[in-house]
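Counted the way numbering that gives the first Met the number 0 counts, the sequence shown spans residues 0 to 164.
Source of the hints: derived by calculation from the structure; they are not laboratory data. Among the clues, some could well be false.
[Stated by the list, open to error] Derived pair list, reagent style SDA-like, types lysine to any residue, alpha-carbon separation capped at 20 Å:
(1) K22 <-> L147
(2) K22 <-> P9
(3) K73 <-> V148
[To be verified] Derived CB-CB ranges, DEER-like:
(4) A162 <-> D139: 30 to 40 Å
(5) T4 <-> G72: 13 to 23 Å
(6) D111 <-> K19: 32 to 42 Å
(7) R6 <-> L33: 31 to 41 Å
(8) D21 <-> G43: 14 to 24 Å
(9) D156 <-> A126: 37 to 47 Å
(10) M0 <-> A25: 14 to 24 Å
(11) A71 <-> M0: 34 to 44 Å
(12) G20 <-> G97: 32 to 42 Å
C-beta atoms are modelled at their ideal positions from N, C-alpha and C, and glycine is treated no differently.
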Amino acid sequence: MASVTLRGNPVEVAGTLPVKGDKAPALTLTNGDLADVTLADFAGKKKIVNIFPSVDTPTCATSVRKFNEKAAGKADTVVLCVSADLPFAQKRFCGAEGIENVVNLSTFRNADFLQAWGVKLAAGPLAGLTARAVVVLDADNTVLHSELVAEIGSEPDYEAALAAL
0 MASVTLRGNP VEVAGTLPVK GDKAPALTLT NGDLADVTLA DFAGKKKIVN
50 IFPSVDTPTC ATSVRKFNEK AAGKADTVVL CVSADLPFAQ KRFCGAEGIE
100 NVVNLSTFRN ADFLQAWGVK LAAGPLAGLT ARAVVVLDAD NTVLHSELVA
150 EIGSEPDYEA ALAAL
């Protein structure tokens, strides 16, 4: 079991984050129209999977804004922002912020994603939510880059994720 910190306190993370060279685990998540989506819905595109606890926290919101801005001009690339937030909250946040270059996906009906992708916070005050992580996939869903952010309150390495494309 991996471990990250929350304000310096260790928190166990269940599952194993996919690593470079792995095929991405299957996923089913819920989009803004309350429809289930899978990786097949983004076939032929490179994917930045930006995983975080909740868009209602400052660091999570910043990661959505930065990936929206930095990945906007990347051809054949989609940014998937994954959190436990309800699709209504995700849509409200992006609308208020003018964010149009990301696809929000919720784990609220699909908790199996958390363990399968190695991001399930197994204990602590955020237990049941996701750790902060970024996984970059090629068009065939092979992992090009992955990062489990060591401190939940820290931002991911945007440049490393974008460089993997």
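Hints versus structure:
no., hint, verdict
1, K22 <-> L147, "holds (17 Å)"
2, K22 <-> P9, "violated (29 Å)"
3, K73 <-> V148, "violated (23 Å)"
4, A162 <-> D139: 30 to 40 Å, "violated (19 Å)"
5, T4 <-> G72: 13 to 23 Å, "violated (34 Å)"
6, D111 <-> K19: 32 to 42 Å, "violated (23 Å)"
7, R6 <-> L33: 31 to 41 Å, "holds (34 Å)"
8, D21 <-> G43: 14 to 24 Å, "holds (20 Å)"
9, D156 <-> A126: 37 to 47 Å, "violated (26 Å)"
10, M0 <-> A25: 14 to 24 Å, "holds (21 Å)"
11, A71 <-> M0: 34 to 44 Å, "holds (36 Å)"
12, G20 <-> G97: 32 to 42 Å, "holds (37 Å)"
Checked against the numbered hints given earlier, the structure breaks hints 2, 3, 4, 5, 6 and 9 and satisfies all the rest.
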